[in-house]
Amino acid sequence: QKEVEQDPGPLSVPEGAIVSLNCTYSNSAFQYFMWYRQYSRKGPELLMYTYSSGNKEDGRFTAQVDKSSKYISLFIRDSQPSDSATYLCATVNDYKLSFGAGTTVTVRA
Amino acid sequence: DVKVTQSSRYLVKRTGEKVFLECVQDMDHENMFWYRQDPGLGLRLIYFSYDVKMKEKGDIPEGYSVSREKKERFSLILESASTNQTSMYLCASGTGTAFLEQFFGPGTRLTVL
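Going down the list, the sequences are from chains A and B.
Residue 109 is where the first sequence ends in this note's numbering, and the numbering goes up by one at each step.
Residue 1113 is where the second sequence ends in this note's numbering, and the numbering goes up by one at each step.
Source of the hints: derived by calculation from the structure; they are not laboratory data.
Check before you lean on any hint, since a few could be wrong.
Said to hold, decoys possible - Below, in silico cross-link-like pairs of lysine-lysine (DSSO-like), each with a Cα-Cα straight-line distance of 30 Å or less:
1. B:K1057 x A:K70
2. A:K56 x B:K1070
3. B:K1070 x A:K96
4. B:K1071 x A:K70
5. A:K96 x B:K1003
6. B:K1071 x B:K1055
7. B:K1013 x A:K42
8. B:K1003 x A:K42
9. B:K1003 x B:K1013
10. B:K1053 x A:K96
11. B:K1071 x A:K42
12. A:K2 x A:K96
13. B:K1057 x A:K2
14. A:K70 x B:K1053
15. B:K1070 x A:K2
16. B:K1071 x B:K1057
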């Protein structure tokens, strides 16, 4: 079983819509959860991370962790064409990052 | 700004060739990583290094080796390239015990014919 499973997408939304991205993880001991963003022909970059359960907000981005259901979510409000990218969830396991497969998002102008 | 550079953006090699992928970081990071990225599989860790001359196997080390002779440079070696090693290879670096934030290079698209 993969440590992190991610909804495969792709996702296409109109500008201004809310984007919802989801992952599940297998090990209840995981504590840190990250979201990376990867633009086309670039390496991933850390968008935000959360520790344990709850929400974290950064501008238009909100990361949410529900430890009871082992669910990780990222919401993008008022989406912009510049948000078009692949989003990867990740968690830390034994000092290694385990990534989901990524969801490609296209925001249509 | 942290910069991680990789020696080539695109590389085409033949089956059986020895292939070297080079990665250099300029932020004095202790930790360096090599991943491969394939559609539907995401990023998978091949090897990582937490210090010069130190290395640890990741999830898919078979067919690969690494070398870290200097802190800023981490090399991935394919001893005898095979077609199933056609992939995007990403190098990353990070600092300290917080493996949360890793800084990635732009990737090398390797095609093995």
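CA of K1071 (chain B) to CA of K1055 (chain B), is that 30 Å or under? Answer holds: K1071 (chain B) to K1055 (chain B) is near 12 Å, not above 30 Å.
Between the alpha carbons of K2 (chain A) and K96 (chain A), is the straight-line distance 30 Å or under? Within the cut-off at roughly 14 Å; holds.
With the threshold set at 30 Å, check whether the alpha-carbon distance from K96 (chain A) to K1003 (chain B) stays at or below it. Since the Cα atoms of K96 (chain A) and K1003 (chain B) sit roughly 21 Å apart, the hinted pair holds (cutoff 30 Å).
Proposed proximity, K2 (chain A) with K1070 (chain B) (alpha carbon, max 30 Å): violated (34 Å)
Please work out if K1003 (chain B) and K42 (chain A) have their alpha carbons no farther apart than 30 Å. holds (13 Å)
Is the straight-line distance between the alpha-carbon of K1003 (chain B) and that of K1013 (chain B) 30 Å or less? holds (27 Å)
Would you check the hint for K1057 (chain B) and K2 (chain A), treating anything up to 30 Å between C-alpha atoms as holding? holds (18 Å)
Within a Cα-Cα threshold of 30 Å, do K1013 (chain B) and K42 (chain A) meet the stated pairing? holds (22 Å)
Holds or violated: are the alpha carbons of K1071 (chain B) and K42 (chain A) at most 30 Å from each other? Roughly 24 Å separates the two Cα atoms, so the pair holds.
Regarding the pair K70 (chain A) and K1053 (chain B), is the alpha-carbon distance no greater than 30 Å? Violated, at about 37 Å.
For the pair we were handed, K1053 (chain B) and K96 (chain A), check the Cα-Cα distance against 30 Å. holds (19 Å)
K56 (chain A) paired with K1070 (chain B) [C-alpha distance capped at 30 Å]: Violated, because 38 Å separates the two Cα atoms, which is more than 30 Å.
The structure shown violates the earlier hints numbered 2, 4, 14 and 15.
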